[in-house]
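Taking the hints into account, I'd like the entire structure generated from these sequences.
Below are the chains, spelled out letter by letter.
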Amino acid sequence: MADQTFSPTIVGFLCNWCTYAAADSAGVARMKMPPSVMVVRVMCSGRVDPLFVLTAFLRGADGVLISGCWPGQCHYKTGNLQARRRTALLTSIFDALELGMSERFRLSWVSSSEAPRFVRVVKAFDREITDLGPSPIQDELFL
Amino acid sequence: MNAKGAVLSADEGMDRAVIEWLKEALKREIFDAVLIPVETPAEDAFAYLLIQNPAILDRASPLPPVMPVQGGKAIGRLTMRGHLNDRVAAVVRPCEARAAIELTKLKQAHLTNLVLITLDCPGVLPLSDYLEDPAAGAARFAEAAAQGDRSPMRPTCQICHRFSLAQAPGADLHIGILRNGDGAAVIVPGSAEGERILEKMEMTEGDEGTRLVAQMLERWSAQVEEVVDAQLERRRQAHAEVQAAVAGADRLLDTFSSCINCHNCQRVCPVCYCRQCYFESTALKLPPDNYLARAASKGALRFAPDTLLFHLGRASHMALSCVSCGACEDACPMDIPVGQVFSLLADRAQDALGYVAGRSLEDPLPLVAYEMEELHDVEQPYIEIYHEQEVQDA
Amino acid sequence: MPEGATSSAFTPKGLRTNQGADETVRQLLRSLLERGDVEAVLALGRTGTGEEGVAYSLFADPDAFAPDGDARPLLPFMPANGGGLLSRLTLGGALVRPVAAVIRPCELRAFIELMKLNQGSLDNVFLISFTCGGVYPLETAVDGGLDEGMRGYWQGMEQGELDAAVRPTCRACQSFIPERADITVALFGEEHLDRQCTLYLNTERGAAFAQGLEGTAVTGGAEHAAIERSRGERDAFREELFAGVDGGMRGLIQTFGRCIGCHACKTVCPICYCQLCHFDSPDCEREPGYYEAELRRKGGLRVPPDTVFFQLGRMSHIALSCVGCGMCTDVCPADIPVSTIFSKVAASAQATFDYKPGRDLEEEIPLRTFREEEFAQVAT
Chain E
4 MADQTFSPTI VGFLCNWCTY AAADSAGVAR MKMPPSVMVV RVMCSGRVDP
54 LFVLTAFLRG ADGVLISGCW PGQCHYKTGN LQARRRTALL TSIFDALELG
104 MSERFRLSWV SSSEAPRFVR VVKAFDREIT DLGPSPIQDE LFL
Chain S
85 MNAKGAVLSA DEGMDRAVIE WLKEALKREI FDAVLIPVET PAEDAFAYLL
135 IQNPAILDRA SPLPPVMPVQ GGKAIGRLTM RGHLNDRVAA VVRPCEARAA
185 IELTKLKQAH LTNLVLITLD CPGVLPLSDY LEDPAAGAAR FAEAAAQGDR
235 SPMRPTCQIC HRFSLAQAPG ADLHIGILRN GDGAAVIVPG SAEGERILEK
285 MEMTEGDEGT RLVAQMLERW SAQVEEVVDA QLERRRQAHA EVQAAVAGAD
335 RLLDTFSSCI NCHNCQRVCP VCYCRQCYFE STALKLPPDN YLARAASKGA
385 LRFAPDTLLF HLGRASHMAL SCVSCGACED ACPMDIPVGQ VFSLLADRAQ
435 DALGYVAGRS LEDPLPLVAY EMEELHDVEQ PYIEIYHEQE VQDA
Chain L
207 MPEGATSSAF TPKGLRTNQG ADETVRQLLR SLLERGDVEA VLALGRTGTG
257 EEGVAYSLFA DPDAFAPDGD ARPLLPFMPA NGGGLLSRLT LGGALVRPVA
307 AVIRPCELRA FIELMKLNQG SLDNVFLISF TCGGVYPLET AVDGGLDEGM
357 RGYWQGMEQG ELDAAVRPTC RACQSFIPER ADITVALFGE EHLDRQCTLY
407 LNTERGAAFA QGLEGTAVTG GAEHAAIERS RGERDAFREE LFAGVDGGMR
457 GLIQTFGRCI GCHACKTVCP ICYCQLCHFD SPDCEREPGY YEAELRRKGG
507 LRVPPDTVFF QLGRMSHIAL SCVGCGMCTD VCPADIPVST IFSKVAASAQ
557 ATFDYKPGRD LEEEIPLRTF REEEFAQVAT
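Protein chains in written order, with this note's numbering: chain E, 4 to 146; chain S, 85 to 478; chain L, 207 to 586.
Simulated from the structure, these hints should not be mistaken for laboratory data.
Quick caveat, the model's predicted, so the values are computed rather than measured.
Beta carbons: idealized from backbone N, C-alpha and C, even for Gly.
A couple of the hints might just be wrong.
Claimed, not checked - Once the Cα atoms are required to be at most 16 Å apart in a straight line, the calculated EDC-like pairs of lysine to aspartate or glutamate come out as:
#1 L:Lys562 - L:Glu385
#2 S:Lys284 - S:Asp116
#3 L:Lys322 - L:Asp566
#4 S:Lys382 - L:Asp267
#5 S:Lys191 - L:Glu491
#6 S:Lys191 - S:Glu446
#7 S:Lys189 - S:Asp447
#8 S:Lys382 - L:Glu498
#9 L:Lys504 - E:Glu143
#10 L:Lys504 - S:Asp116
#11 S:Lys382 - L:Asp269
#12 L:Lys322 - L:Glu570
#13 L:Lys219 - L:Glu429
#14 S:Lys88 - S:Asp233
#15 S:Lys284 - S:Glu113
#16 L:Lys504 - E:Asp142
#17 S:Lys88 - S:Asp419
#18 E:Lys80 - L:Glu578
#19 S:Lys284 - S:Glu108
#20 E:Lys80 - L:Glu491
#21 L:Lys322 - L:Glu569
#22 S:Lys111 - S:Asp170
#23 L:Lys322 - L:Glu568
As the list claims (entries may be wrong) - Here's a subset of chain S near chain L, in silico, CB distances under 10 Å, partners left out:
#24 Ala126
#25 Ala139
#26 Gly383
#27 Glu455
#28 Glu458
Said to hold, decoys possible - Examples of chain L residues toward chain E, derived with CB under 8 Å:
#29 Thr255
#30 His430
#31 Met455
#32 Arg508
#33 Met521
#34 Val551
#35 Phe576
And the structure:
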């Protein structure tokens, strides 16, 4: 049962050229979306080191989102393809250890002209994380 | 320093008494946080936790049966980039406090805003012994500690004479435990800061109380002195035995014949602080011809090479700061008595330079505290030899 | 094609000698050194005068392989991963003259992985491996217990049975037939190892180097019924071993609760080659502000911090290349079954990419390559 007062904290690594621009447009157009995403702008989704994702989770993030350009449209040609592989690697690690972190980890593609899509992605992810509840390791001392 | 102090009434056991005292100190905002060992979630070891929430203190253990992480190392990691602005009380064993003091002199820790609180230490169990059966280990430790029996403890603990304040005077506060029942403990200041804390904790007594405290302090001091004397004798004897077992090239090589170069000893050592140990650096990573030539000249070359260089080299790097805690021996997967060997080397090296690692922040590090007139007995033989040579050449 | 690589034009040959396995291998290595075919041999050997010391050595003197010499090439013990040692040997430059190495299948795979990561050179490295029945944990050798501890080993090897006392990682190992060796010595499930020994000469050079050995030609390969049966047993054990890993974040925290952050697992791991590990670097040294912030947020935190971060982070770095050699568990001062956990994670990661480390030099490590169309299910 989701806690009504729980407002998720989602760390979002958004690529400068596509998703970040879309998020920006969404903001300018005053499109409504939940305030859960803490945006970290990266030049490319391929910049996201798996250790960033791990750090975010271990520091108490309820969810982590990486979002970049569609495959074939990466500003640096293939960075997003690397991001996709790293996501596959991380989720295979999370699943092998049954950490329940795969469900809280999302990779999405949103191009700069897709502001409404960005809003949909954020709303959907926010809803999922709210349903999942706060991170189970929020109060964990022995990390 | 006057022999001041106070009594820590320990009706529910010493652990409880210390924890209640710490909680009170947190409440009075004398400290903002406490660094102290806490049992792990699986109840199979103890880890240092930095605690602000007093409720967590209830699970803490000031003198756990094992020392997986050397407290000096924990303090070092906590303060390596600078001291905390929070006032922290670190509850550690004397060798851990001494390591923290060494690290501070080596600029790898910062003790500003950090209060060192030590306790009379009965030793710790070897980690692998404890892990076989933690519950039994805890019981064995408690019994041995109560009786002053060091036989189940780490080999370095068995010969330790710096387990109390008198021989490890760098702490701000020290908790002295009286043996033979009572369950009483004394808390003694080791520094001006310690005195101030005791005052703030209103642990100064009236006239009657003062006399009682003085009596207990005297009893405690006498007890400690007796044990220190006995331990010094054991230490002397043990070191003589170790020396006989490892001295000479053959015996030394035998001692380290099963070494697998894992470098655990270096990694857990509190005073081995280098991010990248020299013995893992590219300085010792050479073109293959170097290794093959050495193999050819001797018939064979142990590979990876330089095992003895690592141990002797590490000794030359840190023997002057070694606090004989024995963390190295605990961590060795091949049960090499490396702690005992290094304890011997440390004593000899520190004696030669009139230094005691971790005794005081005021003692300068011996390798950089040279004088014009000193250690003539080291150079004299060489002066004589060269003089003979000069006379011959003339 | 570098020397020693499996040439598709060469048909592997089998050779059965009339001497026991130990004698055959010693004779082979001795003759390689005597003839000057190789400059040195990397193999296990006894060190010191007691019974405890076992280490890899570069042997240059042929007498080391005489019956009473120091070398013990087939000893079921792994004081260090031989693949990592070969990398160390050739990191400073390729070998100009051949050096032979007698290493286990997992050590060989680790070396191949390291080659993909540019950590050395295969040139002039002559690889001898064998079908493997596992090794004993390091603690077996403490107090001179190795000879006693391995008493039942060779009987088990002949019967294709793993000794229950070998490392759990070994009992769960499915990759015990070497790939890419110049010579494979058939040991596991082979009869009469005390008086005969079958070698598979997989490359031209393997065949050339084995010229001095007398024996009869045999057909077939190292695989046979006993190996198939053992595979089944190992699979079952593997499942059981992995099922024993405490699941979930809770389980991970409990398991690594007693981790002391010594990073020994990383030091002995052949795949962890970084000169300065990220987790030892300034990037992981925390400012006072970090500790204070975490204190406020949770009321307490462990010191030193980042224990779970190191474990998960190291997994993310090496899971794709983990060869399951088991050095990590062996060296852990806190008796944590690191290799079991890492092998379980590695199995999952490697399956995701249908990748097996060390099986093929040309097969790129999955994170170093990518395709335009793949893993559509990963992104939304």
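To see whether the hints hold, each was checked on the structure:
| no. | hint | result |
| --- | --- | --- |
| 1 | L:Lys562 - L:Glu385 | holds (12 Å) |
| 2 | S:Lys284 - S:Asp116 | holds (15 Å) |
| 3 | L:Lys322 - L:Asp566 | holds (10 Å) |
| 4 | S:Lys382 - L:Asp267 | holds (8 Å) |
| 5 | S:Lys191 - L:Glu491 | holds (15 Å) |
| 6 | S:Lys191 - S:Glu446 | holds (14 Å) |
| 7 | S:Lys189 - S:Asp447 | holds (9 Å) |
| 8 | S:Lys382 - L:Glu498 | violated (56 Å) |
| 9 | L:Lys504 - E:Glu143 | holds (8 Å) |
| 10 | L:Lys504 - S:Asp116 | holds (14 Å) |
| 11 | S:Lys382 - L:Asp269 | holds (12 Å) |
| 12 | L:Lys322 - L:Glu570 | holds (7 Å) |
| 13 | L:Lys219 - L:Glu429 | holds (14 Å) |
| 14 | S:Lys88 - S:Asp233 | violated (29 Å) |
| 15 | S:Lys284 - S:Glu113 | holds (10 Å) |
| 16 | L:Lys504 - E:Asp142 | holds (6 Å) |
| 17 | S:Lys88 - S:Asp419 | violated (43 Å) |
| 18 | E:Lys80 - L:Glu578 | holds (10 Å) |
| 19 | S:Lys284 - S:Glu108 | holds (11 Å) |
| 20 | E:Lys80 - L:Glu491 | violated (34 Å) |
| 21 | L:Lys322 - L:Glu569 | holds (8 Å) |
| 22 | S:Lys111 - S:Asp170 | holds (14 Å) |
| 23 | L:Lys322 - L:Glu568 | holds (8 Å) |
| 24 | Ala126 | holds (4 Å) |
| 25 | Ala139 | holds (8 Å) |
| 26 | Gly383 | holds (4 Å) |
| 27 | Glu455 | violated (36 Å) |
| 28 | Glu458 | violated (37 Å) |
| 29 | Thr255 | violated (45 Å) |
| 30 | His430 | violated (33 Å) |
| 31 | Met455 | holds (5 Å) |
| 32 | Arg508 | holds (5 Å) |
| 33 | Met521 | holds (5 Å) |
| 34 | Val551 | holds (4 Å) |
| 35 | Phe576 | holds (4 Å) |
The earlier numbered hints that this structure contradicts are 8, 14, 17, 20, 27, 28, 29 and 30.
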